[in-house]
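J.: The sequence shown begins at 254 in the numbering used here and counts up one residue at a time.
By construction, these hints were calculated from the structure, which means they are not laboratory data. Glycine included, C-beta positions come from ideal geometry on N, C-alpha and C. Some hints here could point you the wrong way.
To be verified - Each computed EDC-like pair below joins lysine to aspartate or glutamate, with the alpha-carbon atoms no more than 20 Å apart: (1) Lys391 with Asp366; (2) Lys391 with Glu413; (3) Lys339 with Glu413; (4) Lys256 with Glu413; (5) Lys291 with Glu330; (6) Lys256 with Glu403; (7) Lys256 with Glu310; (8) Lys339 with Glu310; (9) Lys275 with Glu403; (10) Lys376 with Glu330; (11) Lys322 with Asp366; (12) Lys291 with Asp304; (13) Lys376 with Asp366; (14) Lys391 with Glu403; (15) Lys339 with Glu362; (16) Lys322 with Asp304; (17) Lys322 with Glu281.
To be verified - Derived Cβ-Cβ restraints for the label pairs, each shown as a range: (18) Asn407 with Ser292: 20 to 30 Å; (19) Gln334 with Gly279: 29 to 39 Å; (20) Lys291 with Pro384: 26 to 36 Å; (21) Trp290 with Ser410: 29 to 39 Å; (22) Asn407 with Gly293: 37 to 47 Å; (23) Asn407 with Tyr294: 18 to 28 Å; (24) Thr263 with Pro406: 17 to 27 Å; (25) Asn258 with Lys391: 37 to 47 Å; (26) Ser399 with His289: 13 to 23 Å; (27) Gly332 with Asp359: 16 to 26 Å.
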Amino acid sequence: MHKINVPVLTWRYHRWWSWAYKIRSGNEVVGTVHLHWKSGYTSQSLASSGDGRWVFERHWRPFLFPPYKPIRIFAAESGSQVAVYKFIRKEYTLASTAEGVLMFPDGREFLFDADFWTNYYWKPTNIEEKPLLSFRPKLPVFLTYSGRIEIDPNAFSLPEFPLLVLFGCYLSIGVRSGK
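Construct all of the structure, not just a fragment, from the sequences and the given hints.
T.: Laid out in structure tokens, this is it:
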């Protein structure tokens, strides 16, 4: 994914029976996200690109507040944890927004901000809150399974770029679908 230099990628539902999504640069597939329930209240989704493969593991706690525990991210080959994402709800109004922080063991952090009612998109930023990517599903959100990923030119040089693209796509798809 580091070879990409276009300002926009797209993601689209690939197969209804497999919960597979493909991320494209034009006609070229540059990444995939496969949503999967592991058991009961746990999902383990696999995301891959030419730069690597990661597992996003999420536990859901029904009837508890907040309903989500942190999402843990593992390298698929080694099984070692590479990052953790913690949800933080900012406000509970009609124009509800949410955010979370993707944290790496070496202290690097990326803030993911979401606006569900007006645009329904996720926007990861660096610690200075400069937007790096924007994940925008096609509207109407409840009927669509595709969208755009808008990329700031500064994002391409980040070593985390492939993981940020795949994880942002996962949040756009997986959080909405419950997986």
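J.: Confirm or reject each hint.
T.: How the hints compare with the structure:
1. This hinted pair checks out: Lys391 and Asp366 have alpha carbons roughly 18 Å apart, not beyond 20 Å.
2. The hinted pair formed by Lys391 and Glu413 fails the criterion: a straight-line CA distance of about 26 Å is larger than 20 Å.
3. Our distance criterion of 20 Å between C-alpha atoms is met by Lys339 and Glu413, whose separation comes to about 17 Å.
4. Proposed proximity of Lys256 and Glu413 is supported: the alpha carbons are some 13 Å apart, at most 20 Å.
5. Restraint check: the Cα-Cα separation between Lys291 and Glu330 comes to about 18 Å, which is no more than 20 Å; the hinted pair holds.
6. Pair hint Lys256 plus Glu403 holds up; C-alpha atoms about 16 Å apart against a cutoff of 20 Å.
7. At roughly 27 Å between alpha-carbon atoms, Lys256 and Glu310 are farther apart than 20 Å, so this suggested pair is violated.
8. Distance check on the hinted pair: Lys339 and Glu310 sit about 12 Å apart at the alpha-carbon level, within 20 Å; holds.
9. Restraint check: the Cα-Cα separation between Lys275 and Glu403 comes to about 16 Å, which is no more than 20 Å; the hinted pair holds.
10. The straight-line distance between the Cα atoms of Lys376 and Glu330 is roughly 28 Å, outside the 20 Å bound, and the hint therefore fails.
11. Taking the CA atoms of Lys322 and Asp366, the gap is near 17 Å; set against the 20 Å cutoff, the hint holds.
12. For the suggested pair Lys291 and Asp304, the alpha carbons sit about 24 Å apart, so the restraint of at most 20 Å is broken.
13. Note on Lys376 and Asp366: the hinted pairing holds, with a Cα-Cα distance of about 5 Å set against a maximum of 20 Å.
14. Note on Lys391 and Glu403: the hinted pairing holds, with a Cα-Cα distance of about 13 Å set against a maximum of 20 Å.
15. Only pairs whose Cα atoms come within 20 Å are accepted, and Lys339 paired with Glu362 is accepted, the gap being roughly 11 Å.
16. For the hint pairing Lys322 with Asp304, the CA-to-CA distance comes to about 27 Å; that exceeds 20 Å, so the pair is violated.
17. Restraint check: the Cα-Cα separation between Lys322 and Glu281 comes to about 34 Å, which exceeds 20 Å; the hinted pair is violated.
18. At roughly 40 Å, the beta carbons of Asn407 and Ser292 sit outside the given window of 20 to 30 Å.
19. A C-beta distance of roughly 34 Å is found between Gln334 and Gly279, which places it inside the suggested range of 29 to 39 Å.
20. A C-beta distance of roughly 32 Å is found between Lys291 and Pro384, which places it inside the suggested range of 26 to 36 Å.
21. As the Cβ distance of Trp290 to Ser410 is approximately 36 Å, the hint placing it in 29 to 39 Å holds.
22. Checked against the given bound of 37 to 47 Å, the beta carbons of Asn407 and Gly293, roughly 41 Å apart, stay inside it.
23. A hinted range of 18 to 28 Å is violated for the C-beta pair Asn407 and Tyr294, which are about 38 Å apart.
24. Checked against the hint of 17 to 27 Å, the pair Thr263 and Pro406 passes, with Cβ atoms roughly 18 Å apart.
25. As the Cβ distance of Asn258 to Lys391 is approximately 24 Å, the hint placing it in 37 to 47 Å is violated.
26. Ser399 and His289 have their C-beta atoms about 20 Å apart, which keeps the hinted 13 to 23 Å range intact.
27. As the Cβ distance of Gly332 to Asp359 is approximately 19 Å, the hint placing it in 16 to 26 Å holds.
When the structure is compared with the earlier hints, violations turn up for hints 2, 7, 10, 12, 16, 17, 18, 23, 25 and for no others.
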